[in-house]
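Chain A is fixed; fit chain B onto it per the hints.
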Amino acid sequence: AQTVTQSQPEMSVQEAETVTLSCTYDTSENNYYLFWYKQPPSRQMILVIRQEAYKQQNATENRFSVNFQKAAKSFSLKISDSQLGDTAMYFCACVRGGSEKLVFGKGTKLTVNP
Amino acid sequence: DAGVIQSPRHEVTEMGQEVTLRCKPISGHNSLFWYRQTMMRGLELLIYFNNNVPIDDSGMPEDRFSAKMPNASFSTLKIQPSEPRDSAVYFCASSLKQEASGRDTQYFGPGTRLTVL
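Protein chains in written order, with the working numbering: chain A, 1 to 114; chain B, 1 to 117.
Don't read these hints as lab results, they were simulated from the structure.
The structure presented is a predicted model; accordingly, all values stated were derived computationally and were not measured.
Incorrect hints may have been included.
[Claimed, not checked] Derived lysine to any residue pairs resembling SDA-like cross-links, with alpha carbons at most 20 angstroms apart:
1. A/K109 - B/R41
2. B/K68 - B/L46
3. B/K97 - A/L47
4. A/K101 - B/H29
5. B/K24 - A/R43
6. A/K101 - B/K68
7. A/K109 - B/M40
8. A/K101 - B/A67
9. B/K24 - A/Q44
10. A/K106 - B/M15
11. B/K97 - A/N31
12. A/K106 - B/E44
13. B/K97 - A/S99
14. B/K24 - B/S7
15. A/K101 - B/P61
16. A/K73 - A/E15
17. B/K24 - B/I55
[What the hints assert, rightly or not] Just some of the chain B residues that point at chain A, by a computed CB distance under 10 angstroms:
18. F33
19. N52
20. G59
21. F65
22. D104
23. F108
24. G109
25. G111
[Unchecked claim] FRET-style restraints, in silico, Cβ to Cβ:
26. B/G3 - A/N31: 26 to 32 angstroms
27. B/T115 - A/Q83: 28 to 34 angstroms
28. A/A71 - B/T76: 41 to 47 angstroms
29. A/S28 - B/N52: 28 to 34 angstroms
30. A/D81 - B/P81: 49 to 55 angstroms
Ideal Cβ placement from N, Cα and C applies to all residues, glycine included.
One chain only, chain A, in its complex shape (with noise of 0.2 angstroms):
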């Protein structure tokens, strides 16, 4: 079974700084996909950034990036150039090759402070 763990409840930044957030994941599949999704307080779920594993290249979003460490099991996303709209909870998530199950970590509160 697929795991997905965010070791850090809550963040916090400053505005105009960069923040990283963690996540790691356990899966015995060669194929699997990435995403992290934003949540603000609207409740909307959406989607930041996804990364494909086959793929060494780390996606890219404007001032969105991942720092994908396959071996290490590792999916960080950093936010470069914090703006106040970026307060939200953010999700990491993985899909298997095959399937459309994700499975969603518990989530990272970051708050950006002006």
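Just chain B now, with coordinates in the frame of chain A:
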């Protein structure tokens, strides 16, 4: 384009009553998912459909929960009878399952906050 649409956004009901949550997936998507989010258990997958057919309902907590997808543009999650422990946020998500990769990104609706008194 419209995203995933859920109704109602909020539902308050009394224990023992029937509750029906509704979802309209993104047009063209062929997979639909129902999740429940609570503080204690986080996000849990309840059931998912592909091409309107239930594929995995192992997350449905008990017989009081049922889900249907009568067509590609509509799904319901029903709780009968409801209990206070069913209070949670229920999300619907949809995706386009591609034959080559077997999956794609799931896009979530805004959720329904259910309170059972």
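Now for the hints, and whether the structure bears them out:
no. : hint                               : verdict
1   : A/K109 - B/R41                     : 16 angstroms, holds
2   : B/K68 - B/L46                      : 12 angstroms, holds
3   : B/K97 - A/L47                      : 17 angstroms, holds
4   : A/K101 - B/H29                     : 16 angstroms, holds
5   : B/K24 - A/R43                      : 18 angstroms, holds
6   : A/K101 - B/K68                     : 18 angstroms, holds
7   : A/K109 - B/M40                     : 15 angstroms, holds
8   : A/K101 - B/A67                     : 17 angstroms, holds
9   : B/K24 - A/Q44                      : 16 angstroms, holds
10  : A/K106 - B/M15                     : 28 angstroms, violated
11  : B/K97 - A/N31                      : 16 angstroms, holds
12  : A/K106 - B/E44                     : 10 angstroms, holds
13  : B/K97 - A/S99                      : 10 angstroms, holds
14  : B/K24 - B/S7                       : 9 angstroms, holds
15  : A/K101 - B/P61                     : 16 angstroms, holds
16  : A/K73 - A/E15                      : 30 angstroms, violated
17  : B/K24 - B/I55                      : 18 angstroms, holds
18  : F33                                : 7 angstroms, holds
19  : N52                                : 14 angstroms, violated
20  : G59                                : 9 angstroms, holds
21  : F65                                : 17 angstroms, violated
22  : D104                               : 9 angstroms, holds
23  : F108                               : 4 angstroms, holds
24  : G109                               : 8 angstroms, holds
25  : G111                               : 5 angstroms, holds
26  : B/G3 - A/N31: 26 to 32 angstroms   : 28 angstroms, holds
27  : B/T115 - A/Q83: 28 to 34 angstroms : 33 angstroms, holds
28  : A/A71 - B/T76: 41 to 47 angstroms  : 44 angstroms, holds
29  : A/S28 - B/N52: 28 to 34 angstroms  : 31 angstroms, holds
30  : A/D81 - B/P81: 49 to 55 angstroms  : 50 angstroms, holds
Of the numbered hints given earlier, the model fails hints 10, 16, 19, 21; all others are met.
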